[in-house]
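So the sequence shown is numbered by the UniProt record's numbering: it starts at 1 and just counts up by one.
Source of the hints: derived by calculation from the structure; they are not laboratory data.
You can take every hint at face value.
Here are the simulated lysine-lysine pairs, BS3-like style, with alpha carbons at most 25 Å apart:
(1) Lys13 x Lys23
(2) Lys27 x Lys14
(3) Lys27 x Lys13
Predicted model, so just to flag it, every value in this text is computed and none were measured.
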Amino acid sequence: MNRSRMLWRNAKKKFAECRHKLKNLMKKVPKPHVPHVVTLDDAAMEEILKRLDLNERVRMRVLSRRVHDIVDRMPLILPFIFIRSDARGNIELHCDYMDVLIDYVLADMQGFKVVNGAIAFNYTNARMVLTAIISRITGVTHLWLDSAWNGHIMQTIVEYYQAINCGSKRLRFHLEQLTVVGSIRASDADWDYCIDCHGR
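Using the sequences provided together with the hints, build the complete structure.
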């Protein structure tokens, strides 16, 4: 047998031995643990989101389209809204969760301004702004009205729900406490700005 064939045979033998050792070694090495992906159903996800602060819940919408849709269909009850006005028709709305109102509920709305931390709008835009709020929330725990337009504000809520409650559909506006103060402020009210009715 010539030298080159002998070298080739030895090389093949060594290669086979190495491959056999490598296979044995691979069997001994533990397989990496692949964690199971846990997928929550919508009901479980809703329960988790329900326990979050309203601001945090709304911020979670950016996580995925699914979370976005779940947050959008969950009941949204604001703890407190206070609305006041002067005799000129300038209306001011205060709320515990102004970020939720401005960045989520009224995100695509015109006809109001944010002035000194309050949502400010004119009587001519009141129905449009209030309807936009009412259509995106499911209620207010405590609504406090101190405005010359108290009746118009309540009428806007009633008319919106009359319009959407057709056939067997019966949606309700959640309201636990209503405080109505009948004061009408003078035209020189204590806020020194005039609302532009044509946008924010």
